Amino acid sequence: DAGVIQSPRHEVTEMGQEVTLRCKPISGHDYLFWYRQTMMRGLELLIYFNNNVPIDDSGMPEDRFSAKMPNASFSTLKIQPSEPRDSAVYFCASSLAKSGRAKYEQFFGPGTRLTVL
Amino acid sequence: SQQGEEDPQALSIQEGENATMNCSYKTSINNLQWYRQNSGRGLVHLILIRSNEREKHSGRLRVTLDTSKKSSSLLITASRAADTASYFCATCLGPYNQGGKLIFGQGTELSVKP
Numbered sequence: 001d002a003g004v005i006q007s008p009r010h011e012v013t014e015m016g017q018e019v020t021l022r023c024k025p026i027s028g029h030d031y032l033f034w035y036r037q038t039m040m041r042g043l044e045l046l047i048y049f050n051n052n053v054p055i056d057d058s059g060m061p062e063d064r065f066s067a068k069m070p071n072a073s074f075s076t077l078k079i080q081p082s083e084p085r086d087s088a089v090y091f092c093a094s095s096l097a098k099s100g101r102a103k104y105e106q107f108f109g110p111g112t113r114l115t116v117l
Numbered sequence: 001s002q003q004g005e006e007d008p009q010a011l012s013i014q015e016g017e018n019a020t021m022n023c024s025y026k027t028s029i030n031n032l033q034w035y036r037q038n039s040g041r042g043l044v045h046l047i048l049i050r051s052n053e054r055e056k057h058s059g060r061l062r063v064t065l066d067t068s069k070k071s072s073s074l075l076i077t078a079s080r081a082a083d084t085a086s087y088f089c090a091t092c093l094g095p096y097n098q099g100g101k102l103i104f105g106q107g108t109e110l111s112v113k114p
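In the order they appear, the protein sequences are chains A and B. Here my numbering is used: the first residue of the first sequence is 1, the next is one more, and so on. Here my numbering is used: the first residue of the second sequence is 1, the next is one more, and so on.
Only chain A is shown next, with the shape it has when bound in the complex:
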């Protein structure tokens, strides 16, 4: 089992550029979560999907952020235009909560470290 896969692992970009982060959840998982981690704010939930449908995007900081999940095996988080304050580590996590007793454990990817200059 490959686990949650994220790409790229590191991204350095200049202010104003578009950034796209990618995530492949664990096969068969029906929930996908995007988090952002900074020293100041800790780990924040940005958005999560159930069966490819966005359920809660209240954590998305502003309209510059958007997320999609076109199919069960792929999701993207896009920032356009990027700003220096977007610098953080972005994590994707997936979970299996269907069929029977709910399971709440989340499996995290290795993260993408984003630096916006």
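It should be emphasised that the hints constitute simulated quantities derived from the structure, not laboratory data.
Here are the computed lysine-lysine pairs in the DSS-like style, where the Cα-Cα straight-line distance is at most 30 Å: (1) B:K26 <-> B:K101; (2) B:K69 <-> B:K56; (3) B:K56 <-> B:K113; (4) B:K101 <-> B:K56; (5) B:K56 <-> A:K103; (6) A:K24 <-> A:K78; (7) B:K101 <-> A:K68; (8) B:K26 <-> B:K70; (9) A:K103 <-> B:K69; (10) A:K24 <-> B:K101; (11) B:K70 <-> A:K103; (12) A:K103 <-> B:K26; (13) B:K101 <-> A:K78; (14) A:K103 <-> B:K101.
Predicted model, so just to flag it, every value in this text is computed and none were measured.
Based on these hints, arrange chain B on the given structure of chain A.
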């Protein structure tokens, strides 16, 4: 403010000693989870305790939950240098399919010296 707040923020112990980390939260929960994060890595799930449970064990880990005090503790017994990491509690207010989600505390940074 954070749903989960952890104490202490940092803890330094010698190998073989026990490490205790505490987590307090504000609202009723469905379950509480503990995760570990090694430097530069993603979080790894350690243990989950449901709101109707008071204590749970997994290997060298012991978790307690006191819903009347809205607090939980994580005990790592006979610590090893490899336990050096940040530990986070996360509260889950309900099933994900009912809008529940995990809210993470700020974490406790544990350093175990050989």
